[in-house]
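Residue numbers (this note's numbering), protein chains in the order written: chain V, 5 to 635; chain G, 5 to 635.
None of these hints come from the bench; they were simulated from the model.
Note that this is a predicted model, so its numbers are computed, not measured.
Just so you know, not all the hints are guaranteed correct.
Unchecked claim - The calculated DSSO-like cross-link candidates involving lysine-lysine, where the alpha carbons are at most 27 Å apart (straight line), are: (1) G:K498 with G:K528; (2) V:K585 with G:K528; (3) V:K210 with V:K225; (4) V:K528 with G:K528; (5) G:K498 with G:K284; (6) G:K585 with V:K528.
Number of protein chains: 2
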Amino acid sequence: MIRFTSDCSFIGKYQRLIKDVVIPFQHDILFDRADGAEKSHVAQNFINAARVLRGEDAGDGFYGMVFQDSDAYKWLEAAAYSLVSFPDDELEREMDEMVELIAAAQDADGYLNTYFTINDRGRRWTNLQEGHELYCSGHMIEAGVAYYEARGKRRLLDVCLRNTECIYRHFITEGHPGFPGHPEVELALMRLYHLTGNAQALELAKHFIDVRGMDPDFFKKECDARDWYVWGADPADPAYMQADMPVRDQSEAKGHAVRAVYLYTAMADLAGETGDEELKAAVIRLWDSITQRKMYITGGIGQTCLGEAFGPDYHLPNDTAYCETCASVGLMFLANRLLSADPDIRYSDVMERAFYNTVLSGIGLDGKSFFYVNPLETIPGVSGIAPTHRHALTIRFKWHACACCPPNAARLISSFGRYAYTQSSEAAFIHLYAGGTVEFDGGLTINCATTFPYGRDVTVCVQKGSGRIAIRIPGYAAEAVLKKNTAPAEYTVKNGYAYITVEAGDVITLFLGFEPVMNYASPKISGLAGHSCVSCGPLIYCFEGADNDDLSALLLRPDSAASAITEPAEHGILSNIPMLKMPAKRLVYNDALYDSRRPFVTHCTAAAIPYYCRCNRGESPMKVWMPVIFV
Amino acid sequence: MIRFTSDCSFIGKYQRLIKDVVIPFQHDILFDRADGAEKSHVAQNFINAARVLRGEDAGDGFYGMVFQDSDAYKWLEAAAYSLVSFPDDELEREMDEMVELIAAAQDADGYLNTYFTINDRGRRWTNLQEGHELYCSGHMIEAGVAYYEARGKRRLLDVCLRNTECIYRHFITEGHPGFPGHPEVELALMRLYHLTGNAQALELAKHFIDVRGMDPDFFKKECDARDWYVWGADPADPAYMQADMPVRDQSEAKGHAVRAVYLYTAMADLAGETGDEELKAAVIRLWDSITQRKMYITGGIGQTCLGEAFGPDYHLPNDTAYCETCASVGLMFLANRLLSADPDIRYSDVMERAFYNTVLSGIGLDGKSFFYVNPLETIPGVSGIAPTHRHALTIRFKWHACACCPPNAARLISSFGRYAYTQSSEAAFIHLYAGGTVEFDGGLTINCATTFPYGRDVTVCVQKGSGRIAIRIPGYAAEAVLKKNTAPAEYTVKNGYAYITVEAGDVITLFLGFEPVMNYASPKISGLAGHSCVSCGPLIYCFEGADNDDLSALLLRPDSAASAITEPAEHGILSNIPMLKMPAKRLVYNDALYDSRRPFVTHCTAAAIPYYCRCNRGESPMKVWMPVIFV
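Kindly generate the complete structure, drawing on both the sequences and the hints.
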């Protein structure tokens, strides 16, 4: 296993924030000790389930969403990753305590879900569509794998293996039909298989992928056979659950965005494992469907406010966008699995875009405030208020009844090294630029120093071992200069990766020539003709009312980005964040709703901040795409 | 009563279309004889209700929306208006037949509603929020008044008076609490009062207006007390029913747009009748709320796709706009009542805007296809498909389960004279330019000749009588030249109306100087900075894919409108509609979803048609607001 230990550069600081603030805060949440946050009851649900299993009463019962258990698992997973860079005995003690609560809530047959155990064990497996039992198992397995990988502790992993046996018994041995309405267990079972070689795990993952969509009416029939109700999607709309057709026939990303990318991730992983070319081709079609027709420039996915779901091709409204943080986390999972099979910047460029924009946007700079939804425009007075904008909040929340995103962002950031660095028989890959030390399997150890995403230089010192390194040259780099020990390097480029042979003592430097640029959208995207968006490297910039008076009357010039200067922001929490200041135009309107008098155009300066820094200074209008004076 | 007989100019042709096509087509609908249209069952509901009243079984029962009866009433009302310009014995026979069906469905106590009579008479008045009994009574009263005014026939009017007694008994004599969830009966009762002087009608209208919103929890309590369900709005959201506070305290237009403007119309009428200054001030605040902060440039109202309702100030999205045809009809009602008290072009300019754009857009040029919803942008592949765009169809429908709009547009067009011409002790008013003959009360008779809205000249010949005429000079007229018998006229102008004294034989000519212009939106409307919309006089123009290749890459120039030339459209159904052809720009993009390469700009010609002519040539993208190259 590759071990990445971050330094104090950009990623390391974020990992430190997760370690110092987010993980303790989320631990308080799990135990309902965080002031001013919504009650979570997560730990208590496990305690109450254990009471039921011991034949006692259920205490104060179950509270929360049907998938409430998963918050504990995602916290454990994030904490496990964090231990690699930041060993911490006290954290490990808290984790072990949580693991014991979980283990005590496992039924004798290996089943583990507090909602069903507390409320009605007879309802087990009767609502695969929305019951989230397999989803929760998936997150538990991911946590069990991560904790074992980090510290070699088997306690949770063994719980996971017993739970996998239980699932296997129900769906394979006993042959009950069905598959999860919310994919997750499939990708988790693949991870369990990669770690342990457990054949049941692989077989189960393949089974759930294979049967999905074979009977498009499965969830409708399941619903009709059920006499109890829990919230959820329309069972008669199988596309929402990616179950309207067999997965190998799918070509268009449809339905709930998180469910979709979790499923596609497992499909990619399974295809890589089994060499299933038909499955792989389906995953690539689905990747193209997302990234070529349904993705925001921020790497956000899930266009529609109704159902957190994919919408039609090229329908990418800014203000009603869903762009769930979790969906971009899942898009990174998918890119990561595709990169394992085919190192190609068409995957890693998107993975980086999603990370530096939508994923990071989901977590406040204070580490204690979050966004579930990441629109590309917020309009105070409309966002969070109009019926189509209720989801698009203008103020970060401290916690949330449906708290999937904060721990998902935490586990992603803590495990950033897994996305930045991978290894194949061909080379050791540097997909993303993350400062720190990387120990690849086989002895190659490198140190990577960079101030990316603001700096343009990446220095790789080979500390130990030798071999081939493949370093990504991103698509946005107008030029790239690769040197080895101060001389121009000898390298070959394939699919955007520079392959170079190294040995201990070598110093590789990569200079990436990127500057602020204007981006233009396909005219197929309604509403963006005549608009532009500023980016610099992987960072998309946005314009906030906090820096720009009367944002709605501001227009860019085609040369705004090229003429931009970088200045550290002065504002408290944003201090030292490089802000772009650029020449722009302002329309001076008359004071009517509509007017045939043409507005005057004046000169002004506009200020942009990286999108991921949005909304850290209270409520303010925000825009990514700006109208541009276009001559 | 003023009698307007249209000629064969613009309005007359539309009235002829209503008479020749729409009224017969809608009659077929009422009797389920229209091929390819959804079943309506309207006439059969009356027949079945009469069976129940005779103690027989209910036949095939009730079918349709709870307010299905109102389609018959609106048809009767439209037909009654039509008889003024187009006497027609056969139509009158059909109307009398319908009146007899209605009369036979009236219960012994005067109650009349087929839904409740057929389904369960015990449920009467227990769902004022959504039961629509009072709404249907209101439409019946409007029809009864219109038929009596047109032909002096009392049969339906007497049914209405008995029904009014029944309502009075329940709400006043017996003192049952409540008021209609969907206002309509209030404005109808005012019309009944104006015609008959019936004191119960005035007292009831005032009662319903006065008690509305006094108890914001009324509908919630009503719902809690009810053991049966019919679809409808959330009873805990009284603002949706304009019942969150007493009407005299209201300042912001909220909730369902049609309900709102029907209510405000009655408030304006009552305030004019009783001299209630507090009520009048509330109506004017609400008018300003709509027209200064919540109205589309087409006169469309109701911004949100969820609930057909008003949204926040300045939130005016183009593609998800609701802009129900009925809501603009209601906005014309409101303007009409406000004009009675205060002739001011701030009301009549909006009334005309609503008519020539959103109201006419609701009815196809063939008179047989309709739109319920009138967005300012349609995007094939998204409109009608995405969850937020399901309402925004790209193809006109023949009929509709909720068929309120087609008959509403029909009755409005048939009674256009009521909006164009009014009279006060001060003057005879010409608010809108409609060719034909107008007999005012007191003997003044004029003939108005015009090719408006395409022509700029209005010629008024005084055929009989003498007095003061007040003719509107619209706000969009860059110049206006008023002559009397070829010499410059002597006149005074007040609130945009030119007051001029005339006698028999005088010929007044008004030249209105309007040309195509670009309109700009307040920067407070998100998404419209850098955009412009072309209008000419009252007509808003739109750009359709049928006339413009690759509409999404088209940009206007600031001089596009000023350089426009008028050409009759060549296409079949649009032939002779003046189309505007204007110089424009086209962006030539690369083929990526997002690209930092700047698109080329080329010259091209763009073609625009009047908005009301939209979507008469099959599915096509359509835009009202266009990005503009803005220097």
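Cross-check of the supplied hints:
1. With a CA separation close to 31 Å, the supplied pair G:K498 and G:K528 exceeds the 27 Å bound.
2. The suggested pairing of V:K585 with G:K528 holds, with an alpha-carbon distance near 24 Å, which does not exceed 27 Å.
3. A hinted pair counts as satisfied when its Cα atoms are at most 27 Å apart, and V:K210 with V:K225 qualifies at roughly 23 Å.
4. Restraint check for V:K528 and G:K528: the C-alpha separation of about 26 Å stays at or below 27 Å, so the hint holds.
5. A C-alpha spacing of about 20 Å is found between G:K498 and G:K284, which places the hinted pair at or below 27 Å, so the restraint holds.
6. Only pairs whose Cα atoms come within 27 Å are accepted, and G:K585 paired with V:K528 is accepted, the gap being roughly 23 Å.
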